[in-house]
Each structure stands twice: as C-alpha cells, then as structure tokens.
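Colleague: Here are the chains, one letter per residue:
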Amino acid sequence: MNASKASTPLRLAVVGHTNTGKTSLLRTLTRNPHFGEVYDSPGTTRHVEGARLRIDDHTAVELYDTPGMEDSMALLDYIDQLTEGGERLDGPDQIARFLDSPESQGRFEQEARVLRALMACDAGLYVIDTRDPVLAKHKDELVLLARCGHPLMPVLNFTHRPRQRLDEWRDAMARLGLHATVEFDTVAPALDGETQLYDKLSVLLDRHADLLQKLRDNGVEQRRQRRRDASRLIAELVVDIAAWRSISPTDTDAVEAATRFLRNTVREREHMCVQALLKRYNFDRTTFPAHQLPLQGERWEMDLFNPHALRQMGIQVTKGMAAGAMAGATVDALTAGISLGAATLLGAAAGGIWQGADKWGRRLVSRLKGFHEITVDDHVLRLLIVRQLALLDALERRGHAAQAPILLATDEPDSAAVPGPQDTDHTPVTDTAPDFRSAPLPDEVLAARAHPAWSALANDYTPSQRREQAVNALARVLEHAPAPPKTTLLSS
Amino acid sequence: MVSARFDDAARDGATPTFRQLWVAETVRLRESQWGPCADSAEVRDARHRGAGFAERLLLRAAALGEREGITAQIRQWAAVARLSLLLLAMGAVVGGALAAQAILGAPGSQVNLLMALTGLLGLHVITLLIWLVTLVLPSHDAHASLGELWLWLTRKLARGPMAGLVLRGLLGLLGRRGALAPALACISHGAWLLALGTMAVTLTGLLSARRYTFHWETTLLAPETVQTLTATLGWLPRQLGFAVPPDAIVRISDGLHRLPDTAHAQWSGWLIGCVVLYGVLPRALVWLGSAIVTRRRLAHLQLETGLPGFAELRDRLAPQAQSEGIDAPAPDALTPSTPAYASGKAPQAAAAFLGIEIPPDASWPPAGLAEAHDLGVVDTRAQRVQALNRLQATPPQRLLLVCDADQTPDRGTLMLIRELATLAAQTGVVALAAQGAGAVSRQATWVRFLTDGGLAPGQIFTDASAAGAWLQTQTAPGSGASHHTP
Chain A
733 MNASKASTPL RLAVVGHTNT GKTSLLRTLT RNPHFGEVYD SPGTTRHVEG
783 ARLRIDDHTA VELYDTPGME DSMALLDYID QLTEGGERLD GPDQIARFLD
833 SPESQGRFEQ EARVLRALMA CDAGLYVIDT RDPVLAKHKD ELVLLARCGH
883 PLMPVLNFTH RPRQRLDEWR DAMARLGLHA TVEFDTVAPA LDGETQLYDK
933 LSVLLDRHAD LLQKLRDNGV EQRRQRRRDA SRLIAELVVD IAAWRSISPT
983 DTDAVEAATR FLRNTVRERE HMCVQALLKR YNFDRTTFPA HQLPLQGERW
1033 EMDLFNPHAL RQMGIQVTKG MAAGAMAGAT VDALTAGISL GAATLLGAAA
1083 GGIWQGADKW GRRLVSRLKG FHEITVDDHV LRLLIVRQLA LLDALERRGH
1133 AAQAPILLAT DEPDSAAVPG PQDTDHTPVT DTAPDFRSAP LPDEVLAARA
1183 HPAWSALAND YTPSQRREQA VNALARVLEH APAPPKTTLL SS
Chain B
243 MVSARFDDAA RDGATPTFRQ LWVAETVRLR ESQWGPCADS AEVRDARHRG
293 AGFAERLLLR AAALGEREGI TAQIRQWAAV ARLSLLLLAM GAVVGGALAA
343 QAILGAPGSQ VNLLMALTGL LGLHVITLLI WLVTLVLPSH DAHASLGELW
393 LWLTRKLARG PMAGLVLRGL LGLLGRRGAL APALACISHG AWLLALGTMA
443 VTLTGLLSAR RYTFHWETTL LAPETVQTLT ATLGWLPRQL GFAVPPDAIV
493 RISDGLHRLP DTAHAQWSGW LIGCVVLYGV LPRALVWLGS AIVTRRRLAH
543 LQLETGLPGF AELRDRLAPQ AQSEGIDAPA PDALTPSTPA YASGKAPQAA
593 AAFLGIEIPP DASWPPAGLA EAHDLGVVDT RAQRVQALNR LQATPPQRLL
643 LVCDADQTPD RGTLMLIREL ATLAAQTGVV ALAAQGAGAV SRQATWVRFL
693 TDGGLAPGQI FTDASAAGAW LQTQTAPGSG ASHHTP
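Heads up: the protein sequence lines correspond to chains A and B, in order.
Just add 732 to wherever you are in the first sequence, counting from 1, and you've got this note's numbering.
Just add 242 to wherever you are in the second sequence, counting from 1, and you've got this note's numbering.
The shape of chain B in the complex, shown without the other chains (with noise of 0.2 Å):
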C-alpha cells in the first residue's frame, strides 16, 4: 500500500539540523523578495541526490545559500549572536555585582532593609510579573525584555547585506513554531539569573567582609506592619537553614535600639536569604522551564513543505512526468508534382463531382453544384475502387471533388485526390464547411495541405458557387480561368 504522505518527511533518513533549516529559510525568504534564483544546476544535483521532495528543497537550499553566500552570513550572524548573548552575561553579572554594591553602600552604613530588598529585587519582580501576565494573556505574544535586548543587540552588531533577511529568517523558522517567544524568555531569564546570582554572592561577599548595620524605618506604616512583613517575608529563608532573625529581634531592629552582634548576621541571612529564594529560584524556575519548552518545540524539525516559497517548487523538485525525447528526426518532405491527365482517352463526359469522405448526416448533392453529374460519395475501399473504375472508363472534361473542411486533411486523401486527378482533363477541389454554429472550419489548413500536395491554386475552391461557376465553364484545355476565393 504506497505511503499517501507526499511531503516525504517521514520518509527521509536524517532529520535536518537546524542549521540547514535555517539557509532553507532564508533562501525561501530571498526567493520570494527578489525572485527566483536561477538553480537549474542545483536542482539537478538535488533531484540525483535526494529522494523526496523535502530532502531535495533542503540540498538546493544548501547549494544556492553557499553560492549566494547565505551561509556565510549565517555563520557570522550566529558568530555575533554569541558575542552578543556574551555581552549580555557580562552585563548582567557587573550589573548584579554593582546593584549589589550599590545597594549596600558604603562600608559601615547603615543599611535600611526595606529599601535594600526593593532594591535588590524590585525591578526583578515586576518583570517577572508582567512576563507571567503577558504569558496568561491570549490575545499577546509574551515578550521577554532583556530577550528583545538581545536581539537588537545581535541585530545592530551584524554587518553584511542580508543581515536584515538571515534574522528574519531565524525568526521565521522559531515564530512559526512557536519557539520564539520561549527562546527570548530564555535568554531574559538566564540574564535575570546570572544577574540575581551574582547579586547574591556579592552579597554574601561584602557581608562577610565587612560590617554594615541594619534597620528598619517607617513613617506611613505601623510598626507591626513592617514586623509582620519582615516576619513573613523570613519563613521560607528559615525553612531553608538560612539564619533568620526571630521576632524580637525584628522588633527591635527599628534603628532606636542598640542590636546584639547576632542580630546583624541574622539580617544577613534574611537578606541574602530572600535574594535567593524570591530572586535566584523563581528566576532559575522559569528559566528552566522556558529552556523545557523551547528544547521540546525545536526537537524534531521537519521542513514544511507547504509554504508559499517551497509549495511552488514542488514540480521542479520531484516532477512527476518527464519527457522522454524522440525516436528520430522526421524526414523532409518532398515537393510532389502536379497530378496531371494520365489517360489517353479523349474526355467524353462534360462535368462531374465527386464527394470524399462527406458524413453522412451532411446534405448531399451541395447547393450550386446540381446541374452537373453527380457521382455520389466515396468512403470505403470498395467505394473509391468503384469510383476509380467509372472514371477510368468515362473520364470527364471536369471533374470538382468535395470535401469536407470542418476534417482535417490527411495523406491517404491527398493520394486518392491525386489518383481522381489523373483521371480527368481538369481536376478542381473544393473544401465546402458545414453550416451553423460551432462547426471547426479548417479551410485554411485545407487550402494550404492542397498547395503543399502538388494542386495549383487555380483548381483549389473553398465556396461551392465558384466551384459550381468552374464546373459548368465550358473552356478548351489549357485556358484554366482562375476562380480561387480566399
């Protein structure tokens, strides 16, 4: 039972890498903007290596993006995507290194912790949040920021005339698939993660070696507030080993109290404990998840072969009819001569006609031709043997034959017409078309396989009254009066 699956992705033996799916992207892209390349040589290597359709799509797309120098552009633009994606990191390290530091201030300040956590996390939890707002949103395509950073980044540092076409390239092969908007938010997030985790060991770093002091202060909110939002914001540090400052300690901690060596190591802990578990975790979460997503999205790459750039070049690819050629060259036509009066009898009869191969449901004798003898119509062999033996036994001064125009001409009729020819003084022909719509008149074609076939024009007649003028004209030989209508 042959496989119904045309597309032939089931049936290649290698899946294609990402990489060869891109070029056969980009070149797609390229086609449809400039029109296509001229690939007759690609396309002959491809049909002799490929079998399928979408294995052939992919090796053209390879031969034409290495002469277009698609690939090329590629490599680099991958180059600068990573030097990119590198300048990001670094970004995001020395960014969470001097927020870290920025944040502490100056060695031996006072640092006050509602405004080192916003700080340290502020910006990283609205983010977070509008990320997972704009993912639960349907009408939106979640955009991940520091993703987006990146591809301007790449986009500005790529050189090179098909920059623009290789990204948009890129995008459309992880668009399409929906593995763009996790492959940004991956990025973002990885960003995010090294940026908090550095943060953090920063953090552990400069508490470790120098001496701050911490506090809170309020002036909007009650004191109990402030307590049971540190309060909470410490449970799970302390479920996690991390050392927490109990409440006493919280309630204290208001600036106007002198605090015991331990408190200030405990607020370490909370600090550096909410940094991670409200930073670093949520942040690796769903950095791990959108690395999940995008990873499964991308696995099992196949070519779609019904895209308006691949759909077209479908016949070229794995045509399903080929010519063949031909058997030999047809032999030249010779010029025949004039069929001319053969007998040596004198013509006793004065005029007759002759129908050739008229239909039957056609009207028969034609208009015009009434007055002269009527030797009826010739179809079959035994027919034309007849018609052959009358005219050899009473040759006529004149003899029409009447075909029917709306056939077409063939050999066997002009051999018999030469044949009639020999056996008259003067042969006329006339090709009568049938009357009423939708008939074909090749009278044209009539006229000119006559002339072809050796008869002069004078003896070829398209219109049954000249050819009845010609029949009945009562002339010595050799004065033939020319009646040809066009």
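Bound conformation, chain A alone (with noise of 0.2 Å):
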C-alpha cells in the first residue's frame, strides 16, 4: 500500500439541483443532525461547507456541501457565449474561463461556487430527488458539471416515496453515460447504505479503492460497536430492573405506594437507557419525545405498566396479573421467597457472622416479620426488552437528516405506517433466534432476579464479576437478536 497515497484524503463535491437533499447526504454520513441547514425551500445552502470523514485520526475524506445549481440552462449559454469565436477549449478550460468571467460574480455566482469547488476535488456526488421528473435542465446541468474533468456519481434519493420516478432517472443517467449510480435515502438509509455508496465509488475512482475500501471497513466496524455498545446499555438496564425489589409492610395501602414507588424508578431507569441510547447514536434527545418522562400524571398508553402496551407489543398477558395500582408488579409474599430465601440462607449461614446478619439478616427478619417483597413482573421485562430492542432498530435505520420524531407504531388497523425501507440484507427470522415477547427469559436475566444486589438502583449494589459475566452475556444475546418483528418506524 502506497503510503502517501494513504495520506492525502479524497475530495467529493456533493453537488445537484436545488433542494434534492445534498446537506441531508451530508448530514447522515457524518451523522451528524446539525449539519448546515436543511429546510424545504430552495437554494437554503448558499455557500460551500465541506466536513471532514476520519479512520483513526487521520481525515480520509473530504465532502464539500454546495449550493444548488439554479440556472445551468443559462449558464450553458453563456459559456458557449464566453467560448464562440473558432476556439476550442476544453472542458474545464471552459469552466475556468467562465470562472473569470465577470458573471461569475454576478448571476452565477451561486453556480460559480459549485463549480469552483467541484474543480477542487477529486469527484462529485450528484445528488437527485427522485420525485422530481427528468427535465432538460436537470440534463444540462450534467453536462455542465462533467465539464470540469471529474467523474460523477449519481445518488439517488428519496427512492422509498411513493411517487419517485427511479426508472426515469436510471434510463436519462443511462443515456448520459452514467452507469454507476446508487440509491441513497437520507432519511432511512438502508442498513448497508454506506457500504454501498463506497463500494460504488470505489469502482469509479479505483485510484483510491483503497482509502474507500477502509472507510467502508470502518462504516462497518463502528456499526457494529455502536451495537455492541447499545446491547450493553440494554443489558444493564435489563439486569437493574430485574434484581430491583421495593420490600414494604403487608397493608394494602403500603403495598400500594410502594409499588407506585417501584414503577417511578424503573420507568426513570428505563428514560436513563434510552437518552444513552439516543446519545450513543448520535440523535438528539428530542428525537423519541414519546418516551419523556411526563412531569405530571402519566403518560399512560406508552406506560411500561399499562396492560394495553403489553398486548399492543405482542405480549401475552395473563389472566393472574394485577391491574389498575399494582399493575406490573409482583407481590412476594411467601411463595417465590421461599426458593430464593433458601440459596440466600445458606449464603448467610455461610457467609460470615455480621455479613449475614447485615444482609440476610435483614430480608429474613423482614420475611418472619411478613414484610412483602415488591419485583417487577416478568411481563414488564418482556416489554422492556422488546421496546428497547425495537428503538435500537429504529436508531439503526435511521439517518441523521430525518427530521420527524421516532415513533414505534404497532399493528393497530388504522395507525396510518409508511411502509419501511426494503432491507434486502436483512436476515430472516429463523426458527432459533428468541423472540423475546414468548420465549422464556434468559438465564441471565433469571439470575438477575436471584441477586438483588446486581441492580445499581438498590442500596447495596456491590459491583461483582459475576454481575459483569452476566451483563456481558445478555448483552451478546441481544446484540444478534433479530429486531422485533410487526414493528414499523413512521419517520418522514
């Protein structure tokens, strides 16, 4: 491998029509959502903002967000104008020609500045809204853009709408001789996007097939630790809400403020996850507004405690459970304690003299005394599981330029789902992979519910390394689990 051909990053001018989504490309390949501006309007970018790509610290692409070509059938007039006279220039000759021209900072000076910065790179990235119909102007506007001596790759956009003209515009870039072209939705990316746009482009440029082929390796390796790193965050917040027990007196009304008490810290541990969540992946907080924790009252059709959202998520419910107060909680008086009360037993008998007596001592006391235990249902872990699974997924398709919120439709009727990106690389369903709403529990989260002292919500939280073989193996089981199925993300 070339060593300075490694160093010198490559230059793409993303450049198009006005208003065909250049900044949002822009804005979902460097993940970030504040890049530039994006509103419906046309020319909103007017000048030339360029971002930088980087493997390791080192830049290895240089993207320039340009203003819309407006006026290129003008423009073509006026350079044939400019060159008339028996000569004959060539391409960027002509470009350069009219870039010192006086024009060129005058009426074209928005087109001056796409062309100036498309004949600084290496090659351009031609943005298209695919809704749009194939007009003369679109068609000028490439030839003026391939006179500047670069290669182009046209990105298709907008292709998951239902009145893109995607055909059209393969057969007009067909016609002009451009064959490589790539469909790239900004808003919902396919999860191989990426890999796509460089794959493509590293067969146009295959002078830098190289630095592309890295940058895909690294689009996919950070994709996969940002899965890696958001399976954590689940499995913690899995692990502390399954070990979390509220113990209160035997009166109903105790039980009942101490189960008001449970619900509060496990939906406020749930509302930690997913701001990490939406952090991890770059998103602002206000993207999931759903899940905000309401100031006052509750929130209670996306309530993890509401039977509803259960059934809503495929989750069998059954006839035993409590409703209304004590919805999602169970009351352990006597019966599951007495399982667990006997490994704990032993424990404290074993365990030392006032080690025991702290720990143990306390729960047994507390038993004898006819406290109650207060866990969360196994019904709540189902759906916790299956939500934050279901926001992962929706995290992962979703590109920085979308602007509208995430919401997790279910299979309601008359809830009006966009139907999602065809995902051809997707893999299917199979027979082993654990749906989480039916299938049992994991042996970790089973675990979990043995070791109280696991949740980092309780008083005594000791970090152990069991905890952390535990937290470690959830979280790998729910990084290769499929995404929950009958769920679609409405975003425009």
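Derived by calculation from the structure, the hints in this document are not laboratory data.
Among the hints, a few may not be true.
What follows is a set of in silico ranges between Cβ atoms, one per label pair, in the way DEER data are often shown [unchecked claim]:
hint, chain 1, residue 1, chain 2, residue 2, range
1, A, 1136, B, 280, 55 to 65 Å
2, A, 791, B, 573, 54 to 64 Å
3, A, 912, B, 694, 37 to 47 Å
4, B, 375, A, 1017, 42 to 52 Å
Glycine included, every Cβ here is placed at the ideal spot set by N, Cα and C.
Dock chain to chain to rebuild the complex, using the hints, since each chain is given by itself in its own frame.
Modeller: Below you can see the structure in the form of structure tokens.
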C-alpha cells in the first residue's frame, strides 16, 4: 500500500439541483444532525461547507456541501457565448474561463461556487430527488458538471417515497453515460447503504479504491461497535430492573405506595437508558419524545405498566396479572421467596457473622415479620426488552437527516404507517432466534432476579465479577437478536 | 490491513495505572449519577494530546478529576485506607499477643491443653473453613470478614463529599475484574497471619520465660481418644522437628501423675508446633494464594470502553466526522423589480397559457383552462426559444404560466418567468399541485419564491379554477382584480 496515497484525503463535492437533499446526505454520512441547515425551500445552502470523515484520527475523505445549481441552462448559454469565436476549449478550460468572467460573481455566483468546489475535488456526488421529473435543466446541469473533468456518481435520493421516478432517472443517467448509480435515501438509508455508496465509489475512482475500502470497513466496524455498546446499555438496564425489589409492610396502602415507588424508579431507569442510546447514536434527546418522563401524571399509553401496552407489543398477558395500581409488580409474600430464601439462607450461614446479619438478616427478619417484597413482573421485563430492541432497530435505520420524531408504531389496523425501507440484507428471522415476547427469559435475567445486589438502583449494590459476566452474556444475546417483528417506524 | 479493534487498548503506548483507572471510574459514576460535566475544554485537550479512544478517556477523566476534586479525594481516601490497614495490623498483633497471654493464664498455672488449643486456633479454624466453603459455593461470592472490617473502618474514617463515590469507584473497578474478593481475602488472611504469628511468638516468649504445667482432662471422652487426638495432632510437628511428647508421656499427662520436666517442654513444643503448622502455615498459604490471584487479576489493566458512561463519549472524543466551515458568506439577495410589459406592440391575442417544466406524465392541458389558447409545455432550450419568439411575435393580453407545485422553484425558472412576463400585458403564475396521495406540495414555497422574485400577490395563483377565471376576465389594463387564493 502506497503510504503517500493513503495520507491524501479523497475530496468529494456533493452537487446537484437545488433542494435534492445534498445537505441531508452530508448529515447522514457525518452522523451529525446539525450540519448545515435543512429546510424545504429553494437554495437554502448558499455556501460551500466542508466536513471531514476520519479513520483513526486521519482524515480519509473531505466532503463539500454545495449550493444547488439553479440556472444551468442560462449558464451553458453564457459559456457558449464566452467561448465562441472559433476557439476549441476543452471542458475544464471552459469552466475556468467562466470562473474568470464577471458573471461568475454576478448572476451565476451560486453556480460559480459549485463549479469551483467541484474543480478542486476529486469527484462529485450528484444528488437526485427521484420524485422530480427528468427535465432538460437537469441534463444541462450534468453537462456543465461533466465539463469539470471529474467523475460524477449519481446518488438517487427519496427512493422510498410513493411517487418516485426511479426508472426514468436510471434511464436518463444511462443515456448520459453514468451507469454506476447508487440509491441512498438520506432519511432512512438501508442498513448497508453507506457500504454500497463506498463500494460503488471505489469502482468509479479506482485510484482511491484502497482508501474507500478502508472507509467502508471503518463504517462497518463503527456500526458493530455501536450495536455492541447499545446492547450493553440495554443489558445493564434489564439486569438493574430484574434485580430490583422494593420492600414494604403488609398493609394494602403501604404495598400500593411501594409499588408506585417501584414503577417510578423503573420508568426513570428506562428513561436513562433511552437517553444514553440516543446519545450513543448521536441523536437529539428530542428525537424520541414519547419517552420523555411526564412532569405530572402518567403518560399511560406508552407506560411500561399498562396492560394495553403489553398487548400492543404482542406479549401475552395472563389472567392472574394484577391491574390498576398494582399492575406490573409481583408481590412476593411467601411463595417465590422461599426458593430465593433457601439459597440466600445457605449463603447467610456460610458467609460470615456480621455480614450475614447485615444483608440477609434483614431480609429474613422482614420475611419473618411478614413484610412483602415487590418485584417487577416478567411481562414488564419482556416489554422492556422488546421496546428497547425496537428503539435500537429504529436508531440503526434512521438517517441523521430525518427530522420527524421516532414513533414505534404498532400493528393496529388504523395506524397510518408508511412502509419502511426494504432491506435486502436483513437476515430473516429463523426459528432459533429468540422472540422475547413469548420465549422464556434468558438465564442471565433469571440469575439477576436471584441477586438483589446486582441492581445499581439498590442501596447495597456491589459490583461483582459474576454480575459483569451476566451483563456481558446478556449483551451478546441482545446484540445478535433480530429486530422485533411487526414494528414499523414512522419517520418522514 | 487496518486493525479492526477500535477500542484502541492495544494501541496505547502506556498501560494505564491503577490510580488513573480509579479516577476514570469515579468520574464515570459521578456523571451517571449527577449528569454530564461541562467538559469542552477537557475534551479538546484530550483529543489533542491523546491517541485513541481509551487514552483520551483517561486524559479527560484526569482533567475532570483534578477540577472536581476527585483526585484529591482519592488521595485522601488512599491515605485513610493505608491508615486503617495499619490499625487493622496493629489490632491483629495486639490481639494475637493478648490472646496468647490470656490463654496461657497466670504464670505457674496449669494449662489445659485442649482448651488452650481450642482457644488459640478455634476461631481461626472456623473462619478459615467458612471462607473455604464460600469459595467453593457457586451462588455466593466469597466474603472475608476481616477484609470487610477493613472496608468498614475506612468508610467510617474517610470524610468528604465524595468519599462514598470514591469507594464505589474502587469497588466497581475491582469487582468487575473479580479482584475484589481476592483483595479482601488477602487483607483478611494477612491480618490473621499477623495475629497467629504474634500468637506463636508470644507463646514462645512466654513459655521460655515462665513456668507452666500442662495436662489434659476429659469427662465425656475416653482417655484413649484424647491420647489419639493429641498424638495425631502432633504427628506433623514431629516430622518438622518440633519436640513433641511421646505416647508414654501423653498417657500420663492427665494431671493425676507427676510429669518429668522435659514433658512440659515437649508439650510446649507440641502447642507451638500446632499453632505454627495449623495456624500460621495454612493462613500463610491462603494469603499467598489470594495475593497471587489478586495480582494476576489486576495485571494488564485496561479501560473498559464499553461501559455505559464511557460508550456515549465515543463520538465526542474520537469523532468520525468534523465540520470544516464555509468558503465565504452568501451575498445579500437583491429585491428585484416587478417585470412589466416591455414590448412596444399592442397585445393581439386575448389570453394564452403556457406550461413550464410540467412532467410528461401529468395531464395537460389542466382542467379549467381549456378555453384559452394553449401554447404547450416549455422544457428544453429549443422549446424556450420557440415560445419566446412566438410571444414576441403575437403578445397576448393575459398570459398564465402553469408550474408544477411538486417541484422546487429555482432561479432559472424565475428568470424564465420574468422574461416571459415582459412579453404579455398581464402575467399570472399558477403553481398547480398534482392530485393523488403522496404528492409533496410545495405551493407555499412557490408563493414565497415568486413574491420574493418580484411578482405581485395578484399575479400568483394556487388554484386552477381561480387562475382560469383570471385568464378569462376581459378587463382594461390597470384594473387587475385580485383572485389570490391562499
């Protein structure tokens, strides 16, 4: 590998007609929702703005967002006017002459910026809004851009909308000799959309193929790392909540108060996890507003403890489950506690004198006195896992150019769901993949239930190697879990 | 081939020290409890000085720790921990000495052998067995009582607003690697080792300087049992050179016979041998074992970059993308004038309409405009030139320009509209939205764009019927009725 080639970054100009999604493309590629401004109006970007993509602290690619080309037909006329008189200039010379002319700072100032940027770059990504018809002005634009002498790769945007004219555009590009096109919906790109983009670019620019390959591999690795980190966050959440218990005296009011306390604690913990996931994926906190903690009262529809929420997610609710104030909590008076108590009794006897009195003694004493332990239902744990996996899936598929908030829709017949992107690379759900809605909970979760000290919400939380192992194992399970089915996302 | 390990652990030049990791863990706990710290300066510095995500995390944590006083708190805590370790050691030594003295009793007294042995080694054996059992039990973490005592003592002595956080940081750091239990066990066994060692030394000293007599008694057990017991216990010390009483002496040591002088010396040897071989030696071995395990678990420490408080910082500390800034600010937009009829000729045709860049699959002509003269759709340069020439030749009274509201208006279209507007007495523009679901109507954008482009509000329509009505109106120039439908 040539070291000097590797150190020169590849420069790409993102060009195209106005309002086709150039800034959105940059937002999605740089994973920065605040790059440039994106509003649906003509000519919003009026300057050339650069961004760098890095691999290991070295700049690999420089991307330049340009203003839209708006007046190409007249510009072509002007260039013809500049070069008439029998001269035969080639493309780049014609553009150079235009850039020296007075109109490059006058009427065609915007187009001059675009052409100057493209001349300084190695190649151009020509972004197309596939909902627009193929018009003469688009062809003129391409003629102009091609005169800069650099390879152009058309990027077909908005391909998942109902009125897209994908075939027309492919035809038009083919007729102009641009056969390598790539589909990339900047708002909801395919999971391997970025990979495809770099792959096709490396075919077009084979001098930079090494660099593009590295960039592509980097992208894949980053995606895996994000998924690993996110699975770890969710695993910690599940372990914390499964192990958490709240103790209360036996009278009904106290039990209800303790259940409310349990539910609020669980909601807050879930909220923390959601915020951490959004931050890890570099989305704003406002992206998932349905999950913001209500300031007063309960947001019942999305609430973890609403039986309806469970049914919506396809989780079967048994008849014995408590409703209303006690929903979602298992009140453990004597039955389940015995099996847990046996192991802990043994531990208490073996574990040392004051240690036993301190930890399990309290629980034993409270059990003898008739206290209740309130833990979170299995159903709620399932719902938690399913929801977090659905959110993770939505975050993975969401481009940073998307502006509408994420909604985890359900399969209710009257929800106006836009069909999501078709992923050709999405592995089909096999029989062996766990469906957390009905399959038995993973062993690690059951282990967490038996170790109250594993919950970071507890006062006597002690980090231990076994907890660490359980969290890591659960994270691996979640990392390879498929997305929950029947969940479509609404994002425009 | 680019390394695929992006947690950079292998890439760091220096292995992080335990103190650095402790600071990082405490900062992480603090941020998870109280929200993120304001860290832009520290992040900038870390990105500049560090290479790789893990190193930058440590740099950031070090800077934040300094700033928030966590480093100082850790220093204080470590000092307190050393102090309480010292206190524990002193307690062990004193305890061992006192125990030895108390068990032997007043000088010249009769020492009951079995009671003495139980008193010296009983507690030790019980706690050691309990520890061994918890080591083997799968569902329970091994707990060492004196280690927990040390922790408790440190917690009580350490003061400061973040003492609890610092302790949790330490426990987290050790606990996750499975080094907490061995470390506490090491401390516990070390304390016991000191106690037993002091006990042995005190025993030796006391037995050298004072006169004691030994005997055994029993009510419940048979005398032979006691003899076998003492003989068995004495087997190992005898092998290792301690002076142990032979069976004959053992038999007559029941306190009812007079023993030769050497017997008491031999019994002392037996006692000291038992203390050393069943007390000091096992404890020394488990202490050594715990120390080795602790050292092994704490060797090659790396920062776990996947933990919840660290993973979210990846994009801040090792960003994959960075903005560079713009080339030059955009020039100010000029407000153009309203285009007016420029031709000298009087308008001849009555009304005409022209489509601009209408998609080929849209219905043409649009409903509501059929009565006027259809000039077709203009798209290519040739069509533009042709339309301009026709209008130049026969300028109409009223010209309606039909645009597709689904597309974004641009300057080229505006220039064309302005140019066409100079070729008719009155010009109107209608931005027609396509029918059907999924249409992206940009009508509001068109209205704004055209208004900014110099057209009067009375010239802009969004509805085909209103536009058609305007087109059909036969009015004198100057009385332009406004049909603008928002």
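Colleague: Tell me, in ascending order, the numbers of any earlier hints that this structure violates.
Modeller: 1, 2
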